[in-house]
Amino acid sequence: MLTPEQDAQVVDLTLAGRSRAEIAREMRISVNQVDYARRRAHTARFTKFSIERVVELTKQNYSAPQIATILGCTTRHVVRLRAKAGIAKPAPLPLNAEQVVIAERLLDDGASLTEVARTIGRSPRTVQARFRGRGFTHSQIGQYSQLMRAMRRRGLRELIA
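Going by my numbering, the first residue of the sequence shown is number 27, and it counts up by one from there.
No lab work stands behind these hints, which were simulated from the structure alone. Note that the structure is predicted; figures quoted are calculated from it, not measured. Don't be surprised by glycine CBs; every beta carbon is placed ideally from N, CA and C. Do not take every clue at face value.
Simulated DEER-style distance windows between Cβ atoms [to be verified]:
{"hint": "1", "residue 1": "M177", "residue 2": "A114", "range": "30 to 36 Å"}
{"hint": "2", "residue 1": "R131", "residue 2": "G168", "range": "21 to 27 Å"}
{"hint": "3", "residue 1": "Q166", "residue 2": "N58", "range": "24 to 30 Å"}
{"hint": "4", "residue 1": "R51", "residue 2": "Q166", "range": "44 to 50 Å"}
{"hint": "5", "residue 1": "G147", "residue 2": "T95", "range": "36 to 42 Å"}
{"hint": "6", "residue 1": "E124", "residue 2": "L41", "range": "49 to 55 Å"}
{"hint": "7", "residue 1": "Q166", "residue 2": "A42", "range": "49 to 55 Å"}
{"hint": "8", "residue 1": "G181", "residue 2": "T100", "range": "38 to 44 Å"}
{"hint": "9", "residue 1": "E130", "residue 2": "G181", "range": "15 to 21 Å"}
{"hint": "10", "residue 1": "R131", "residue 2": "R51", "range": "53 to 59 Å"}
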């Protein structure tokens with residue numbers, strides 16, 4: 027159980043934008059004690075200070091997982107804070123008809139989803155979302171890797187590139 031002074035210190039640090047992990051480390055208490063003190067005081071975890079911090083770190087080109095580690099929260103929460111601040115990245119547009127036709131042709135020819143994405147100029151995740159279950163299986167990935175290693179060993183590098 028924390029003393030009333032410690033409870034007040036937890037609230038002050040929370041309002042200053044500190045993460046629960048930072049507060050626990052600084053006060054030499056457990057994270058659970060920080061959470062308990064916050065619940066008792068009814069303080070919101072994320073204030074305008076943390077939103078400003080997310081904006082600042084985003085402008086410094088930190089990724090959402092990196093910001094989450096710094097702030098001691100989840101990646102999803104960083105994404106929410108970015109949206110609240112108006113700096114969220116928009117969802118990618120779906121593939122257009124031409125890209126779908128090209129992608130299907132490449133997949134039918136045995137190309138991997140990554141190769142298809144690179145060819146049509148889209149992210150691998152967008153292509154994976156559109157063509158679930160297509161592309162290489164785990165065993166095919168292993169076979170492809172084996173083939174590439176064998177070709178490199180035999181000096182057939184010019185055929186790989």
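Each hint tested on the structure:
1. The hinted range of 30 to 36 Å is not satisfied by M177 and A114, whose Cβ atoms lie roughly 44 Å apart.
2. Separated by about 25 Å at the C-beta atoms, R131 and G168 satisfy the suggested range of 21 to 27 Å.
3. Taking the beta carbon of each, Q166 and N58 are about 47 Å apart, not inside 24 to 30 Å as hinted.
4. Checked against the given bound of 44 to 50 Å, the beta carbons of R51 and Q166, roughly 47 Å apart, stay inside it.
5. The beta-carbon spacing between G147 and T95, approximately 31 Å, falls outside the hinted interval of 36 to 42 Å.
6. The given range of 49 to 55 Å is respected by E124 and L41, whose C-beta atoms sit roughly 53 Å from each other.
7. Distance hint for Q166 and A42: a CB-CB separation of about 53 Å, consistent with the stated range 49 to 55 Å.
8. With their beta carbons about 49 Å apart, G181 and T100 fall outside the hinted range of 38 to 44 Å.
9. E130 and G181 have their C-beta atoms about 35 Å apart, which leaves the hinted 15 to 21 Å range violated.
10. Checking the proposed 53 to 59 Å range against R131 and R51 shows it holds: the Cβ atoms sit about 55 Å from each other.
In the structure shown, a violation is registered for the earlier hints numbered 1, 3, 5, 8, 9, in ascending order.
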